[in-house]
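Q: What follows is the residue order along each chain.
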Amino acid sequence: MFLDLNEEQNLIRATARRFAETELAPLAAALDRGEQQQQFLDNLRKLAELGFMGLNVKADYGGSEAGVIAFSVALTEIARACASTAVTVSVNNMVCEVIQAVGNEEQRLRYIPKICSGEFLAGAFALTETGAGSDPAAMTTLALRDGDDWILNGSKIFISSAPYAGVFVVWAVTDRNAAKGKGISCFLVAAGTPGCLVGRAEEKMGQHASATNELLLQDCRIPGSALMGKLNDGFRVAVAELAGGRIGIGSLGLGIGQAALEAASRYALERKQFGQPISNFQAIQWKIADAATDLEAARLLLMNAAFRKEQGKTYSKEASMAKLFATEAANRVCYEAMQIFGGYGYTSEFPVERYTRDARITTIYEGTSEIQRLIIAREVLRGYA
Amino acid sequence: MYFQLTEEQNLIRETVRSFAEKELAPSAAERDENERFDRELMFDKVAELGLAGIVFPEEYGGAGADYISYAIAVEELSRVCASTGVTLSAHLSLGANPVWLFGSEEQKQAFLTPMALGTKLGAFGLTETGAGSDAGGTKTFAVRDGDEWVLNGSKIFITNGGDAEIYIVFARTDKNAQKHHGISAFIIEKDTPGFVFGKKEKKMGIRSSPTCELVFENCRIPADRLLGKEGEGFKIAMKTLDGGRIGIAAQALGIAQGAYEEALKYARERKQFDQPIASFQGVQFILADMAVRIEASRLLVYQSAWRASAGLSYGKESAMAKLSASETAMWVTTKAVQVHGGYGYTRDFPVERMMRDAKITEIYEGTSEVQRVVIGSAVTRG
Numbered sequence: 001m002f003l004d005l006n007e008e009q010n011l012i013r014a015t016a017r018r019f020a021e022t023e024l025a026p027l028a029a030a031l032d033r034g035e036q037q038q039q040f041l042d043n044l045r046k047l048a049e050l051g052f053m054g055l056n057v058k059a060d061y062g063g064s065e066a067g068v069i070a071f072s073v074a075l076t077e078i079a080r081a082c083a084s085t086a087v088t089v090s091v092n093n094m095v096c097e098v099i100q101a102v103g104n105e106e107q108r109l110r111y112i113p114k115i116c117s118g119e120f121l122a123g124a125f126a127l128t129e130t131g132a133g134s135d136p137a138a139m140t141t142l143a144l145r146d147g148d149d150w151i152l153n154g155s156k157i158f159i160s161s162a163p164y165a166g167v168f169v170v171w172a173v174t175d176r177n178a179a180k181g182k183g184i185s186c187f188l189v190a191a192g193t194p195g196c197l198v199g200r201a202e203e204k205m206g207q208h209a210s211a212t213n214e215l216l217l218q219d220c221r222i223p224g225s226a227l228m229g230k231l232n233d234g235f236r237v238a239v240a241e242l243a244g245g246r247i248g249i250g251s252l253g254l255g256i257g258q259a260a261l262e263a264a265s266r267y268a269l270e271r272k273q274f275g276q277p278i279s280n281f282q283a284i285q286w287k288i289a290d291a292a293t294d295l296e297a298a299r300l301l302l303m304n305a306a307f308r309k310e311q312g313k314t315y316s317k318e319a320s321m322a323k324l325f326a327t328e329a330a331n332r333v334c335y336e337a338m339q340i341f342g343g344y345g346y347t348s349e350f351p352v353e354r355y356t357r358d359a360r361i362t363t364i365y366e367g368t369s370e371i372q373r374l375i376i377a378r379e380v381l382r383g384y385a
Numbered sequence: 001m002y003f004q005l006t007e008e009q010n011l012i013r014e015t016v017r018s019f020a021e022k023e024l025a026p027s028a029a030e031r032d033e034n035e036r037f038d039r040e041l042m043f044d045k046v047a048e049l050g051l052a053g054i055v056f057p058e059e060y061g062g063a064g065a066d067y068i069s070y071a072i073a074v075e076e077l078s079r080v081c082a083s084t085g086v087t088l089s090a091h092l093s094l095g096a097n098p099v100w101l102f103g104s105e106e107q108k109q110a111f112l113t114p115m116a117l118g119t120k121l122g123a124f125g126l127t128e129t130g131a132g133s134d135a136g137g138t139k140t141f142a143v144r145d146g147d148e149w150v151l152n153g154s155k156i157f158i159t160n161g162g163d164a165e166i167y168i169v170f171a172r173t174d175k176n177a178q179k180h181h182g183i184s185a186f187i188i189e190k191d192t193p194g195f196v197f198g199k200k201e202k203k204m205g206i207r208s209s210p211t212c213e214l215v216f217e218n219c220r221i222p223a224d225r226l227l228g229k230e231g232e233g234f235k236i237a238m239k240t241l242d243g244g245r246i247g248i249a250a251q252a253l254g255i256a257q258g259a260y261e262e263a264l265k266y267a268r269e270r271k272q273f274d275q276p277i278a279s280f281q282g283v284q285f286i287l288a289d290m291a292v293r294i295e296a297s298r299l300l301v302y303q304s305a306w307r308a309s310a311g312l313s314y315g316k317e318s319a320m321a322k323l324s325a326s327e328t329a330m331w332v333t334t335k336a337v338q339v340h341g342g343y344g345y346t347r348d349f350p351v352e353r354m355m356r357d358a359k360i361t362e363i364y365e366g367t368s369e370v371q372r373v374v375i376g377s378a379v380t381r382g
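Chains W and F, in that order, give the protein sequences.
With this note's numbering applied, the first sequence corresponds to residues 1 to 385, in that order.
With this note's numbering applied, the second sequence corresponds to residues 1 to 382, in that order.
The reader is advised that the hints may include incorrect statements.
[As the list claims (entries may be wrong)] With a Cα cut of at most 25 angstroms, we get these calculated DMTMM-like pairs of lysine to aspartate or glutamate:
#1 Lys272(W) - Glu369(F)
#2 Lys313(W) - Glu261(F)
#3 Lys175(F) - Asp163(F)
#4 Lys265(F) - Glu370(W)
#5 Lys180(W) - Asp233(W)
#6 Lys313(W) - Glu8(F)
[As the list claims (entries may be wrong)] Covered, in the sense of this in silico footprint (three residues per stretch, anywhere, with C-beta under 8 angstroms from a C-beta of chain W), are these stretches of chain F:
#7 254–268
#8 283–291
#9 300–307
#10 364–373
[Said to hold, decoys possible] Quick partial rundown of chain W residues pointing at chain F, CB under 7 angstroms, derived from the structure:
#11 Thr140
#12 Ser265
#13 Asn280
#14 Trp286
#15 Ala297
#16 Ala377
#17 Leu381
These are computed hints drawn from the structure, not numbers from a lab.
Where is the CB? At the ideal position from N, CA and C, for every residue including glycine.
I would like the entire structure built from these sequences, with the hints used as guidance.
A: If you want it as structure tokens, here you go:
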């Protein structure tokens, strides 16, 4: 075992931290209020220029080839300042990775460099539907063959980055008669394709700067070359690629948790009650100790999952463990951090109120905690079958 | 970052696991029931595997392995028998390690080597009736008399007490000094006149590991049995306990792993409503949470062990590891009993013993509360 970062990973982490502290953190509260959207988008472009949109992507496609551990630590640093920016970076990386893993050379060259360079501010995953959440195989969006083309009809919900995404990875049913999950395919739909419309924006509890919209597909005609991967193999692709996304969201949760712990620790040292800093009280010290222990365990689980992915080993169980633990820990830590701040923590004068709202979604999106537990139990039981 | 274990570490796991399953498992329930310490099985044979001094250099009878290997050894012993796990942890981390860290060359030759070889069993005497989490409350006294020290007082809750040959004992050597000042550490051998064993504790768990009182009545020991410098005892105790937490964290990890595997096995076999209970989400989620908490604790334990061997600071990390692993052990064993239902509450299944064994890991070598104090102050200081 060797549990330190290497020089390159340290450098990436330091770069991410510097950018996060100078560019992202000062903006985060305004973004949360719905202001400064242009600066949010400008920062995405700058992050792309720094190489953060394709951290685990080959240089041939404009990626940084820095690996999964670097991806995780960078994302944590970004989330420590701004969760909305972090989720966009996470999804962009995953879109690049799925195209790299499943797309053909022409598709890779067409889309990945544009996301990595910032020409596309974002890529988007369009999997979820009103009736297909934890159970994505229940989707009803349909792709019908018409000559060489495909015609898409249906609607997707909760699509991150939809208004400023350059490309959508869209899953649709291509064989209605196939067994559940066996007749789904994956398509690349360029933004602006007629019939591909960005719908209603969700009003969310947190992560306000990251847009979340409906995506409407109305007789959306795309060429045969838009099919990504094998026909009717899309569900397997979705399941496999979401595992990598879990490392991203877990890392994001860790970053929010760290920010909350740091803010609460600073406050506890300053805030005086009963004639002394509240950090002197064991009731406060223990919250801090439990938070630090939780986050340290989360970090190691994330690093372990990232290490396994980087080494080409199976990592689905480990990624689920890391995502489950890190995001649940983030919520616990935010809750206790607000408690340390008392009434002040409930106001937007201090950032823990925003951290708490931003953290809440992390146990839900890219697989709820309940789905992570199902995956973990299945993998464990399989090992003994 | 590199998370894989070395070949040597994997080999140690295989060796210890095989020993634990073949030799320890068959008698674990009986030894627990009868509160029987089997020295030959639980220590001599463990020493034959090279574990008694696994982390110490070969020149002192050790195996020259790292702390991860040590943690793995304690984990694997405890997976089957937590009493054997704590016997090794107390012997190595608390008995032998302070001699390695603070002993003179002569002391190392005389005391570390036999402990590392496993010809002598080690123990550690810090706790007193009035000095638990607050070691500064130590009342046992040592007075210099010519070339000797004369000890008076008593120590309680001493693991390996009565059976160990070598004891690291803490006593106050400066009457005027307050709290943690003026305490010194001594190496005291069994059968020294004036050193007798008091009551053997009747415990909830780890019943196969002996715990007893040490009584010193005008116990005279040569001056050269002072360990480290006079007045340095508190520092020696704290340093020793930093390392000891790795051992207890590994013990807790092993208990948790053992209980988890028992629950998993039972859940796959036990049928209710015409199907194995493992097919119900209510049970699956328990198993998943067990797996996650154990994996998180394992990484914390190995990280602290890695830091100890890499020469990095590890006080905060070993406190995190011990806190997480011991609370995980308590949680996992409680849930393992739950998965077994009524059967789990009986001694027909090992989870009943495991749950009792787990409880002590939240208490000894620094309660969870003390770990939180250590972590909390380290975090806010940073």
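Q: The structure should be examined with respect to each hint, and the outcome stated for every one.
A: Cross-check of the supplied hints:
1. Lys272(W) - Glu369(F): holds (23 angstroms)
2. Lys313(W) - Glu261(F): holds (23 angstroms)
3. Lys175(F) - Asp163(F): violated (31 angstroms)
4. Lys265(F) - Glu370(W): holds (22 angstroms)
5. Lys180(W) - Asp233(W): Holds: Lys180(W) and Asp233(W) sit about 12 angstroms apart, inside 25 angstroms.
6. Lys313(W) - Glu8(F): With Cα atoms ~21 angstroms apart, Lys313(W) and Glu8(F) stay inside 25 angstroms; holds.
7. 254–268: holds (count 3)
8. 283–291: holds (count 6)
9. 300–307: holds (count 5)
10. 364–373: That given contact holds, which follows from 4 residues of the segment 364–373 of chain F lying within Cβ reach (below 8 angstroms) of chain W.
11. Thr140: Violated, because the Cβ-Cβ distance from Thr140(W) to chain F comes to roughly 26 angstroms (cut-off 7 angstroms).
12. Ser265: holds (5 angstroms)
13. Asn280: violated (10 angstroms)
14. Trp286: holds (4 angstroms)
15. Ala297: With a minimum Cβ separation of about 4 angstroms from chain F (threshold 7 angstroms), the hint on Ala297(W) holds.
16. Ala377: Constraint on Ala377(W) satisfied, holds at 4 angstroms.
17. Leu381: holds (6 angstroms)
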